[in-house]
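Protein chains in written order, with the numbering used here: chain D, 1 to 261; chain C, 1001 to 1261; chain S, 2001 to 2254; chain G, 3001 to 3231; chain L, 4001 to 4219.
Just so you know, the hints here were simulated from the structure itself, not pulled from any lab data.
None of the values given here were measured: they were computed from a predicted structure.
Just so you know, even glycine gets a beta-carbon here, dropped at the ideal spot from N, CA and C.
Be careful, since some hints might not be right.
Computed spacing ranges between beta-carbons, pair by pair [to be verified]: (1) Lys1240/C / Ser179/D: 25 to 31 Å; (2) Glu1232/C / Met195/D: 34 to 40 Å; (3) Phe1015/C / Ala142/D: 26 to 32 Å; (4) Met195/D / Ala4053/L: 51 to 57 Å; (5) Asp3112/G / Glu2082/S: 57 to 63 Å.
In silico DSBU-like cross-links for lysine-lysine, where the CA-CA straight-line distance does not exceed 35 Å [unchecked claim]: (6) Lys253/D / Lys1123/C; (7) Lys2230/S / Lys2179/S; (8) Lys240/D / Lys1253/C; (9) Lys2223/S / Lys2103/S; (10) Lys1143/C / Lys143/D; (11) Lys1143/C / Lys3123/G; (12) Lys240/D / Lys1240/C; (13) Lys2111/S / Lys2249/S; (14) Lys253/D / Lys1143/C; (15) Lys1106/C / Lys1143/C; (16) Lys2080/S / Lys2230/S; (17) Lys253/D / Lys1253/C; (18) Lys2249/S / Lys2230/S; (19) Lys1106/C / Lys143/D; (20) Lys106/D / Lys1240/C; (21) Lys3123/G / Lys1123/C; (22) Lys106/D / Lys143/D; (23) Lys2080/S / Lys2111/S; (24) Lys2206/S / Lys2217/S; (25) Lys2103/S / Lys2114/S; (26) Lys3123/G / Lys1240/C.
Covered stretches of chain D, going by a simulated chain C footprint (3 or more residues, C-beta under 8 Å) [to be verified]: (27) 68 to 81; (28) 130 to 138.
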Amino acid sequence: MSAPIIQLQDVSKRFGELTVLDRLSFEVAPGEKLALIGPSGSGKTTILRLLMTLETPTDGMVMVEGEPLFHQRRGDALVPADERHLHRMRARIGMVFQHFNLFPHKSVCENVCLAPVLTQGAKPADARRRAMELLDMVGLSAKADAMPAQLSGGQKQRVAIARALALSPRIMLFDEVTSALDPELVEEVLNVMHMLARETDMTMLLVTHEMGFAHDFADRVLFFDRGRIVEEGPPDEIFKNPRQDRTQAFLRKVVAAGHRV
Amino acid sequence: MSAPIIQLQDVSKRFGELTVLDRLSFEVAPGEKLALIGPSGSGKTTILRLLMTLETPTDGMVMVEGEPLFHQRRGDALVPADERHLHRMRARIGMVFQHFNLFPHKSVCENVCLAPVLTQGAKPADARRRAMELLDMVGLSAKADAMPAQLSGGQKQRVAIARALALSPRIMLFDEVTSALDPELVEEVLNVMHMLARETDMTMLLVTHEMGFAHDFADRVLFFDRGRIVEEGPPDEIFKNPRQDRTQAFLRKVVAAGHRV
Amino acid sequence: AELEDLKEQGFARIAIANEPPFTAVKADGTVSGAAPDVARAVFKRLGIDDVVASISEYGAMIPGLQARRFDAVTAGLFMKPERCNAVSYSEPILCDAEAFALKAGNPLGLKSYKDVADNPEARIGAPGGGTEERLALEAGVPRERVIVVPDTQSGITMLQQGRIDVYSLPVLSINAAVKTANDPQIEVVAPVQGAPVYCDGAAFRKQDTALRDAFDKELAAIKASGEFAKLIEPYGFSAEAAMSTTREKLCAAQ
Amino acid sequence: MEWDWDFVRQITPQLLEGARITVVATLLGFAFAAVFGLGLAIARRSRNRALSWPTAAFAEFVRGTPLLVQLYFLFYILPDLGLTLSPLAAGVIGLGVHYGTYTAEVYRAGIDNVPRGQWEAAKACNLSASQTWRHIVLPQAIRPMVPALANYFIAMFKETPLLSAITVLELMNQARSIANYNYRYIEPITMVGAFFLAISLVSVALIRLMQRHWGRLGRLGSFRRNTAIPS
Amino acid sequence: MDIWLGYLTLILQGALVTAQLTALGCLFALAMAFLAGLGRVSAVAPVRWLAAAYVEFFRGTSIFVQLFWAYYVLPLMGLELSPMQAGVLALGLNVGAYGAEVVRGAVEAIGREQREACVALNLTRAQSLRHVILPQAVVVMLPTFGNNAIELLKATAIVSLVSLADMTFQAQVVRSQTGSTAFPFLTILVLYFLMSSVITLLVRALERRMSRGFEGTRA
Ligand SMILES: Nc1ncnc2c1ncn2[C@@H]1O[C@H](COP(=O)(O)OP(=O)(O)OP(=O)(O)O)[C@@H](O)[C@H]1O
Ligand SMILES: Nc1ncnc2c1ncn2[C@@H]1O[C@H](COP(=O)(O)OP(=O)(O)OP(=O)(O)O)[C@@H](O)[C@H]1O
Ligand SMILES: [Mg+2]
Ligand SMILES: [Mg+2]
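Take these sequences, add in the hints, and give me the full structure.
Below, the structure written as structure tokens:
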């Protein structure tokens, strides 16, 4: 196995009194597709937000491609990272949000082009060409000049995926990207993600409540509870033969909640 | 078959240009459990809101227990109903909303007691006794003095159900009562509803995207599209052997969206 | 300011009051009246061709002068010892006694500031920061019965509306105002008993004595030539009164 | 000019007397505005166009013109129409009418801020209109109004100096009178400024506290001035 | 009749001064609002404090007091301003302090989600502000700015108290020259209302233009 692209070592995150991540350690191999599942409030989103540097860990080390994410070397010592270091590290990571977070005042194409032009110094014409390729890939080249408000939820989310891809990150983070969508629109987004998973060697971390999709998509599943990993393994094992009581109870509940047609 | 408790005759509802219900007619038998399903925007919510008199039909007649809901007799003529008539009719109908709509400034028990005391002249002590019974039934007697903000989503929705039951309506309307809940909390609400369906002879109309639940709960399913009934029948028929293309396509999409564990 | 500076810029900034006949603003916006006319004539002889007049409240004049908003105040700002300490006055220009405007028949029988002080019902209106306010206060009228009136017309209106019982201004101002109002319900008591005759002068900043001295010289010249009398008498002022007294006397008076 | 502490000591009592009038005028004016604004808000909500439309026009006009000129109008022109008000009464009514048009917006926003779901739930519970207002809407609408109303209270307080134009001897007028009498402006004006600053810093802190407890009303810009500016 | 026409001209001259004060005051206030408003959300703590102190001071003391200070006290400290400059300074600083809170509020209202999207796309703080936050925030600010402009217009009336010949002041002059109170005051009431209506219409037009791209996303 090659060197891990992401390593968490004893990472804790506390909000005041509340411990959300509790001395958590795990590794992700390059190209791996990882699904994070678990009950509400178990800390799944927080892990993705840490990796995107939207939160800072209270304790522990996060390494991305062998480099510390929140620290930098000064002489021999490790000191908290400054904005420049974070900026350099962030270039490797992309994130897609539950609520899309498109820029409402920019057209679809501008949403996709903005970051490459501003952060990678891409020429506007080149950025636009690449944006059109990506929009084509997510099936939205016809909507390039539409405004986000004119799109359905599923279309918005596909634009958000294209936007994240435009920076060619080596790691993609997906946080419940379908849970804000109408059931009928979920499929089109999942199709795009399936395609991405098949056709690229990006490392992907996925938080979802769609157990069926997690099963098909992931190489490995981590089941979280209260900021700790309760169980991990290949999807078949976790979904068919969960070893832990907590996992079994969770899956039973989700199934009972009606996802069984 | 006994006389229908609800009758819609050629009911239309337009919002400006938009026709939301299009000369719709159907009947509901006393005690029947009816599920309304269909794509987003097809008008399901609008039907429930009409029955609750939160909207007024643009055209057509709605009868509840043989009486016109939006009209009253004056001499021989039918004239639009006044507030007194509506008030009398509403006493027969209860509704549970997607977002609970609990009164945030009143405790759980006060939420349940308020309407009986104000509209039925119940004595506060009696109302409280009955409220405690209902809260006990939905498994929340321990939370009687909590404020809504201190409850989880599932608990809030169970309080909302108890509140609607407190007026002993003969018809209960449920509009996507679980879709705002975390997946783990869905079960507790559905359990309460199953129990209601089994143990009371109330007429119930249910709008839901949980096909599994609709299947188990309903005596009859109506499938809507664009303000019209496309197909209706017993759940087994609709879900296993839908006759219409539109119904098949809808069910296929919902299934593809991951509800298949 | 130095005389030379003013000559260079070609005009002097003067403060005037919004009070006929000391000042008058015609419908076309041009400024005339006894005070600005004299100022214009004197400054012209000093080689300053024009005056730029800004209308100002009485209360704002001395602070405005100190804050360098004006080079001189020519507004019927009567000489009083305290004012002589605050500014440099020229020799006297316009003299006037104090008068009362009150309801026809003088129902409260008010003839002096003392009378106002002694009658607990009587409310007197006076311009804020003006001589009359001070005279009233010094005569012992309590603060709450001295109503500070923002301008002459407000004073007349308030008198008509019964909000004040007497409105005090210099004789000529009152006459002009009462004439404008043209109201038989109002009569004038002039002069007020026991109130001194006051004269104004052009007021300059304390340190601008050179300018003041130059002004005095030319003022004396037009007084001697008779031009002075021609300027002010049409407005009802007496040139004789101004020429028979001096700054020294007025500033020392108590 | 130098700052003169002796002079400060000498004029303090007179300024305090002015401050008393300022406070009285603000309190009365605010009480007037609170009631008058409620009337405006109800009239504007009315379904009767003949009532709601002129009310809206009146409110727009009052909000679009300076309080100072309105005060002149109340004080000098109304008597010609047969209504002679004392300076303080005219000032209180002027402040009250002017700010009433703002408090009306607070009431409106407060009521609009109660989610539609609450009205609908009340209907589903079969409450009557008056029961809905009393038990459901008003209890939820009033609390977030309080900080917004308090903001206007402070704004009004800072606008009382305008009453000097209609001869009310409030703080600013006393200060000007002192300045005119003594030809010293720095001390009285600065003291007035310090007085206003002290009062408004204290009240801003109080409002922050209220907001933390009772929540903020609406979104920014949802009514005309979320924090008021003296005019 | 001619007399009235003449005095009407005088009032209109005052109206010009009022309009000029309002326009310059608004420009200055706008500059201050952005300077202090962005200062309040700055990452640098001393900048935040400075901006907060400015806002609290100018909102805390009455504009009346500020104007008197600018007019009578600043010159004593050696800073000489024309009445117009003093008026613009006081109005601009005062209304700018209120505007700063509008800017800050609008920037904060463009929620966490947009800011997080910017981080995820690796934009710098300045880039986020310029390309994402401000273009959206300005649309949110506009209506309140419109109200602030009207407040500023109304506040210009008090410069008459320091003898700047604005509309209200000219009305006073006309009043003492003619003895009529109703004519000048009713005239200027109407003129003020016209001016504030113009501001309202301008802001609405601007709002429509700026929010066009959003296609109704923020109702
Ligand atoms: N900024 C914050 N301040 C305080 N608590 C927070 C904050 N962000 C998250 N939390 C808390 O941290 C816990 C974990 O949150 P997180 O969003 O990671 O859960 P999750 O596993 O993604 O849950 P869900 O499935 O509901 O999205 C929750 O209890 C949440 O309330
Ligand atoms: N007050 C209203 N004004 C205008 N249009 C409305 C209004 N209420 C509903 N609509 C429109 O009526 C149509 C039907 O709405 P309805 O809420 O009944 O659909 P639904 O079947 O419940 O959909 P969903 O599954 O998304 O809840 C939609 O297109 C909706 O936009
Ligand atoms: Mg989450
Ligand atoms: Mg619906």
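Any hints from earlier that this structure breaks? Give me their numbers in increasing order, please. When the structure is compared with the hints, numbers 6, 9, 10, 19, 20, 26, 27 and 28 turn out to be violated.
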